[in-house]
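K.L.:
For reference, the chains in residue letters:
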Amino acid sequence: MKLFLPLDSAAVAVGADAVADEISRVTAKMGHSVTLVRTGSRGLFWLEPMLEIEDENAVGGRRAFGPVSPEMIAPLLDGNFSDDHPAALGAVGDIDFLKAQTRMIFSRCGITDPLSLEDYKIHGGMTGFGAAQKMSPKTIVEEITTSGLRGRGGAAFPAGIKWNAVRKAKADQKYIVCNADEGDSGTFADRMIMEGDPFLLIEGMVIAGLAVGASKGFIYLRSEYPVAEHILTAALASARADGLLGASVGGTGKAFDIDVFMGAGAYICGEETALLESLEGKRGQVRAKPPLPALEGLDGKPTLVHNVISLCTVPSVLANGGAWYRDFGVGKSTGTMPFQLAGNIKYGGLFEAPFGLELGDLVNRIGGGTRTGQQVRAVQVGGPLGAYLPLSELDIPLDYEAFAQIGAGVGHGGITVFDDSVDLAAQAKYAFDFCAHESCGKCTPCRIGSVRGGELMASIIAKRQNGGDVAGTLDLVADLCEVMEDGSLCAMGGMTPVPVKSAIQYFPEDFTGETDLTGRTDFTGEKNK
Amino acid sequence: MQTSIAALIKPFVCDTGGLLKALHAVQNTYGYIDAVAVPVIADVFNLSKAEIKGVISFYEDFRRSPAGHHVIKICQAEACQAVGARDLTEKIRSALGFGGPFSGCDTSVTGRITLEPVYCLGLCASGPAAMLDGVPRGRLNSEDFTREIKALENGAEG
Ligand SMILES: Cc1cc2nc3c(=O)[nH]c(=O)nc-3n(C[C@H](O)[C@H](O)[C@H](O)COP(=O)(O)O)c2cc1C
Ligand code: SF4
Ligand code: FES
Chain A
8 MKLFLPLDSA AVAVGADAVA DEISRVTAKM GHSVTLVRTG SRGLFWLEPM LEIEDENAVG
68 GRRAFGPVSP EMIAPLLDGN FSDDHPAALG AVGDIDFLKA QTRMIFSRCG ITDPLSLEDY
128 KIHGGMTGFG AAQKMSPKTI VEEITTSGLR GRGGAAFPAG IKWNAVRKAK ADQKYIVCNA
188 DEGDSGTFAD RMIMEGDPFL LIEGMVIAGL AVGASKGFIY LRSEYPVAEH ILTAALASAR
248 ADGLLGASVG GTGKAFDIDV FMGAGAYICG EETALLESLE GKRGQVRAKP PLPALEGLDG
308 KPTLVHNVIS LCTVPSVLAN GGAWYRDFGV GKSTGTMPFQ LAGNIKYGGL FEAPFGLELG
368 DLVNRIGGGT RTGQQVRAVQ VGGPLGAYLP LSELDIPLDY EAFAQIGAGV GHGGITVFDD
428 SVDLAAQAKY AFDFCAHESC GKCTPCRIGS VRGGELMASI IAKRQNGGDV AGTLDLVADL
488 CEVMEDGSLC AMGGMTPVPV KSAIQYFPED FTGETDLTGR TDFTGEKNK
Chain B
23 MQTSIAALIK PFVCDTGGLL KALHAVQNTY GYIDAVAVPV IADVFNLSKA EIKGVISFYE
83 DFRRSPAGHH VIKICQAEAC QAVGARDLTE KIRSALGFGG PFSGCDTSVT GRITLEPVYC
143 LGLCASGPAA MLDGVPRGRL NSEDFTREIK ALENGAEG
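Here the protein sequences line up with chains A and B, keeping their order. Each step along the first sequence adds one to the number in our numbering, with nothing skipped, and position 331 is 338. Each step along the second sequence adds one to the number in our numbering, with nothing skipped, and position 90 is 112.
Quick caveat, the hints were computed from the structure, so don't treat them as lab data. One or more hints might be untrue.
Simulated crosslink set (DSS-like; lysine-lysine; CA at most 25 Å straight-line) [as the list claims (entries may be wrong)]: (1) A/LYS261 - A/LYS289; (2) A/LYS177 - A/LYS296; (3) A/LYS470 - A/LYS308; (4) B/LYS32 - A/LYS223; (5) B/LYS71 - A/LYS289; (6) A/LYS308 - B/LYS43; (7) A/LYS289 - B/LYS32; (8) A/LYS449 - B/LYS71; (9) A/LYS289 - B/LYS75; (10) A/LYS353 - A/LYS339; (11) B/LYS113 - A/LYS289; (12) A/LYS223 - B/LYS43; (13) A/LYS289 - A/LYS175; (14) A/LYS449 - B/LYS75.
Here are some chain B residues pointing at chain A (derived, C-beta under 8 Å) [claimed, not checked]: (15) THR38; (16) TYR81; (17) HIS92; (18) LEU143; (19) GLY144; (20) LEU145; (21) CYS146; (22) ALA147.
Which stretches of chain A does chain B cover? Using the computed rule of at least three CB atoms under 8 Å from a CB of chain B, they are [what the hints assert, rightly or not]: (23) 473-480; (24) 483-496.
Note that the Cβ used here is the ideal one computed from N, Cα and C, for glycine as well.
Generate the whole structure from the sequences, applying the supplied hints.
P.N.:
Written out as structure tokens, the structure is:
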């Protein structure tokens with residue numbers, strides 16, 4: 008009998024390790040012959056810990072049970088994992104939440120043993136590398152350009168342009184830096200793939216190294232992810248032992264190796280230049296651009312900085328061709344995106360799909376609405392610098408252009424749902440407070456402005472209760488937002504106004520107690536009439 | 023202590039980002055970065071004491087005094103707010119007798135519990151979330167988790 012149970016942090020967080028211990032205990036005692044494989048998570052977090060049993064007659068080859076608790080283990084074993092058990096979910100391949108997805112990046116996550124390179128290869132791993140190995144660096148970059156892949160870290164910059172710049176740069180040393188700082192609240196795709204399929208990231212980085220002529224890679228990992236650190240470190244050791252990393256990667260004659268580098272709890276170190284400073288052992292202070300990291304990055308050398316998911320997309324692009332990849336998605340938003348359904352949502356988890364899906368469809372139909380069962384009131388897309396959207400805006404398609412048009416962003420694909428108990432004034436205050444907490448301190452509008460913004464919001468919240476000139480204070484907030492937008496060096500200060508302004512624009516009643524702001528502060532970019 | 027710190031951090035001197043690795047190593051070994059370590063680190067890395075302090079103070083992870091026996095990081099970010107992180111935080115803080123805003127790290131009077139805010143643990147579909155002594159915890163129930171923390175504070179275990 009072969010069982011599968013995730014080792015993913017989100018499964019461990021709800022008791023997966025206790026379930027694993029119980030399986031070992033019971034099987035040892037009863038003399039069952041059972042192999043337990045710890046996998047990544049399928050990303051159906053409301054069902055974790057989700058236990059699977061191999062069954063060749065089931066669609067997808069396995070049947071699932073979840074959420075399971077240690078007390079269920081002995082009865083499940085005794086009952087031979089009958090589908091009559093209350094936690095039975097049936098064949099994995101029949102689960103709607105999975106069936107509706109297009110899993111390209113997460114195709115193996117939850118299926119394979121993340122630490123088995125052999126498993127990785129059996130399940131289609133290394134085919135991208137195999138294809139890249141036969142191409143010239145220039146051709147590899149052309150495939151990336153053709154794919155239309157844009158950076159998944161937030162800025163959505165076309166990857167091909169960056170690869171070309173690094174490839175063409177002349178230097179004795181170039182670097183690949185993987186941005187695994189994943190600081191955005193509401194996001195966990197990087198964590199999941201690093202914990203669930205680390206060789207995919209390694210393969211992506213190796214291909215990137217071949218393409219741009221870099222011999223050294225770093226994974227800058229946030230310290231909040233200890234499980235990912237453990238798994239990456241072990242996976243890198245196997246990759247070295249296998250010759251996938253080292254003096255001649257996969258027998259190509261080219262050297263490439265990767266180190267994991269731990270961050271130390273600073274959101275701003277997700278910004279690529281602050282990340283590079285931090286990776287040099289300094290304070291994570293943002294650098295002015297230019298020079299671009301592609302030309303002068305780590306230690307002043309040409310550096311390709313990419314988000315985890317961007318790099319994890321590379322093997323599929325190389326294995327199937329850029330033209331194949333480009334056909335997924337809509338317009339200039341090509342390919343698939345792992346959307347992350349978070350916050351107050353019934354079916355929270357990871358949903359990989361081509362761009363173009365409607366936000367409301369994802370939240371209400373696929374996500375099942377709120378966990379509390381109350382009405383959805385606000386949805387924040389794209390992390391702490393993302394807009395708060397009301398129900399009336401949820402018909403927006405999830406693609407970069409549609410979001411840019413309303414002054415918002417898809418960011419790293421995090422979708423955080425709030426029910427009708429949310430107070431948008433408190434959320435706007437939090438946006439300023441978070442910026443004050445995480446500002447690197449380089450520019451005044453961000454460093455001081457965020458503190459003032461928090462104070463202004465506190466005063467609005469007080470005035471809302473006790474009476475006072477809320478409208479006048481909102482005018483000050485509008486001015487402050489303008490200063491932060493115009494006078495900040497990076498998006499930390501420059502985009503903190505996005506959640507603030509969207510909260511005021513779409514939920515004015517939370518600030519004033521009235522819905523109509525006619526003739527008052529302008530938060531839409533146009534004058535109110 | 024000084025000589026052992028020097029020996030501990032010397033291997034990192036030539037590494038990329040060696041200073042951050044050294045600071046992590048000191049904290050992992052001693053639980054915090056004592057003031058006496060600063061001149062030693064400065065000396066080994068050939069940097070000024072101000073530079074070392076500047077780096078230490080920039081990063082949330084680095085502690086300048088010892089933590090309690092148990093360290094609890096409670097997520098304060100949006101996705102956890104949406105499922106009751108504020109309520110959870112308040113209950114635990116009041117159970118441990120902490121007042122004022124929750125910004126830095128608080129250590130209980132018994133010295134057993136240190137409570138710290140954290141901004142996302144990547145458990146955003148399983149909130150409210152926390153990390154208890156490095157172990158991720160999700161879908162926390164305010165009452166149950168507060169009771170668990172209270173028990174730790176009263177010396178139930180560890
Ligand atoms: C305040 C701030 C925080 C950021 N945090 C992250 C992060 O946690 N992870 C990430 O990949 N990119 C983050 N970015 C974006 C990076 O600066 C950069 O655009 C990205 O790493 C480039 O990789 P990509 O092209 O693959 O997206 C952040 C940007 C800003 C301004
Ligand atoms: S906007 Fe804020 S975080 Fe960005 S460089 Fe300026 S001070 Fe630093
Ligand atoms: S917001 Fe709390 S874990 Fe992400």
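K.L.:
State the violated hints by number, sorted upward, taking the hints as numbered earlier in the document.
P.N.:
1, 3, 10, 11, 13, 17, 23, 24
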